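Chains as they are written, first to last, in my numbering: chain C, 1 to 116; chain R, 117 to 227.
Incorrect hints may have been included.
[To be verified] Covered stretches of chain R, as calculated for chain C (at least 3 residues, CB under 8 Å):
(1) 159-171
(2) 207-216
[As the list claims (entries may be wrong)] Derived lysine to any residue pairs resembling SDA-like cross-links, with alpha carbons at most 25 Å apart:
(3) R/Lys142 <-> C/Pro39
(4) R/Lys172 <-> R/Ala135
(5) R/Lys172 <-> C/Thr104
(6) R/Lys172 <-> R/Val160
(7) C/Lys53 <-> R/Gln213
(8) R/Lys142 <-> R/Asp182
(9) R/Lys186 <-> R/Ala126
(10) R/Lys142 <-> R/Thr180
(11) R/Lys142 <-> C/Gly58
(12) R/Lys142 <-> C/Asp56
(13) R/Lys142 <-> R/Gly175
(14) R/Lys142 <-> C/Thr71
(15) C/Lys11 <-> R/Gly156
(16) R/Lys186 <-> R/Arg166
(17) C/Lys53 <-> R/Ala212
(18) R/Lys142 <-> C/Arg44
(19) C/Lys57 <-> C/Thr5
(20) C/Lys53 <-> C/Pro8
(21) C/Lys57 <-> R/Leu210
(22) R/Lys142 <-> C/Glu59
(23) C/Lys57 <-> R/Ala212
(24) R/Lys186 <-> R/Ser140
(25) R/Lys185 <-> R/Ala126
(26) C/Lys53 <-> C/Thr71
Read the hints as simulated data drawn from the structure, not as lab findings.
Fair warning: this is a prediction, and the values are worked out from it, not measured in the lab.
Think of the CB as a built atom: it goes at the ideal place given N, C-alpha and C, for glycine as much as any other residue.
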Amino acid sequence: DAGITQSPRHKVTETGTPVTLRCHQTENHRYMYWYRQDPGHGLRLIHYSYGVKDTDKGEVSDGYSVSRSKTEDFLLTLESATSSQTSVYFCAISDRRGGMREETQYFGPGTRLLVL
Amino acid sequence: SQQGEEDPQALSIQEGENATMNCSYKTSINNLQWYRQNSGRGLVHLILIRSNEREKHSGRLRVTLDTSKKSSSLLITASRAADTASYFCATDALFAQKLVFGQGTRLTINP
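Given these sequences and hints, build the entire structure.
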């Protein structure tokens with residue numbers, strides 16, 4: 001999985017509790033992404049980062065926040081988890097550079113989150 | 117809404133047969149990519165085709181792109197049981213900093 005780890009790999013939590021998922025890369029890639037994958041919806045972008053402390057919203061960002069204090073780590077926080085956030089979460093990285101119009105993303109193994 | 121939409125949603129064929137899946141998209145793109153996802157795993161990049169290319173090959177994979185119809189197809193020849201997976205197209209739209217993925221085609225290869 002191209003030097004990408006996600007932790008935890010599985011988590012069960014209760015509605016209303018905060019949850020933080022971690023993505024760690026050893027590739028020194030500039031871009032990092034958080035997706036959620038749900039049946040019938042495919043892969044949807046939550047947030048992404050284009051550098052340390054530089055982040056932007058994706059398609060389904062409500063209820064999620066992110067932080068990137070180091071190149072290698074990208075954290076996804078569910079401020080107050082809801083049952084609708086039960087999903088599989090994937091982190092991805094890419095080495096897209098300014099002016100480079102081709103980007104391949106490399107995915108982590110995923111985190112299965114169940115919100116009861 | 118998703119930029120790319122795959123068709124069919126599910127495909128089941130016999131080992132040795134060819135598998136074709138299609139992707140349609142809505143806006144102008146820089147390139148289109150195909151990814152594979154094995155059950156319980158992350159996505160893996162298969163092939164990228166640029167907007168000025170019409171066909172590309174990689175091993176048993178053949179990808180075509182028709183920008184006038186905003187569509188692409190992925191052909192897997194001589195399928196094997198190990199090709200059983202979900203396949204996603206992803207579009208890299210003009211002026212975007214991110215890929216947009218379709219909902220995927222679930223391919224089952226029967227021995």
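Would the pair lysine 53 of chain C and threonine 71 of chain C pass a check requiring their Cα atoms to be no farther apart than 25 Å? Holds, at roughly 9 Å.
Hinted pair, alpha-carbon criterion (25 Å max): lysine 172 of chain R, alanine 135 of chain R. Please report holds or violated. Distance of about 16 Å is within 25 Å: holds.
Given the hinted pair lysine 57 of chain C and leucine 210 of chain R, is their Cα-Cα distance within 25 Å? Judged against 25 Å, a Cα distance of about 18 Å means the pair holds.
Would you check the hint for lysine 142 of chain R and threonine 180 of chain R, treating anything up to 25 Å between C-alpha atoms as holding? 17 Å, holds
Starting from lysine 53 of chain C, check that the Cα of alanine 212 of chain R is at most 25 Å away, please. 20 Å, holds
Need the status of pair lysine 142 of chain R, glycine 58 of chain C: alpha-carbon distance at most 25 Å? 18 Å, holds
Checking one constraint from the list: CA of lysine 172 of chain R to CA of valine 160 of chain R, max 25 Å. Satisfied? OK: lysine 172 of chain R and valine 160 of chain R at ~18 Å, within 25 Å.
Assess, step by step, whether the Cα of lysine 11 of chain C is no farther than 25 Å from the Cα of glycine 156 of chain R, and give holds or violated. OK: lysine 11 of chain C and glycine 156 of chain R at ~15 Å, within 25 Å.
Quickly compare the C-alpha distance for lysine 186 of chain R and alanine 126 of chain R to 25 Å and report which way the hint goes. Distance of about 21 Å is within 25 Å: holds.
Is lysine 53 of chain C close enough to proline 8 of chain C, meaning Cα to Cα at most 25 Å? Holds. Lysine 53 of chain C to proline 8 of chain C sits at ~23 Å (cutoff 25 Å).
Would the pair lysine 57 of chain C and alanine 212 of chain R pass a check requiring their Cα atoms to be no farther apart than 25 Å? 13 Å, holds
Straight-line alpha-carbon gap lysine 186 of chain R to arginine 166 of chain R, limit 25 Å: 13 Å, holds
Checked against the numbered hints listed earlier, the structure breaks hints 13, 14; every other hint is satisfied.
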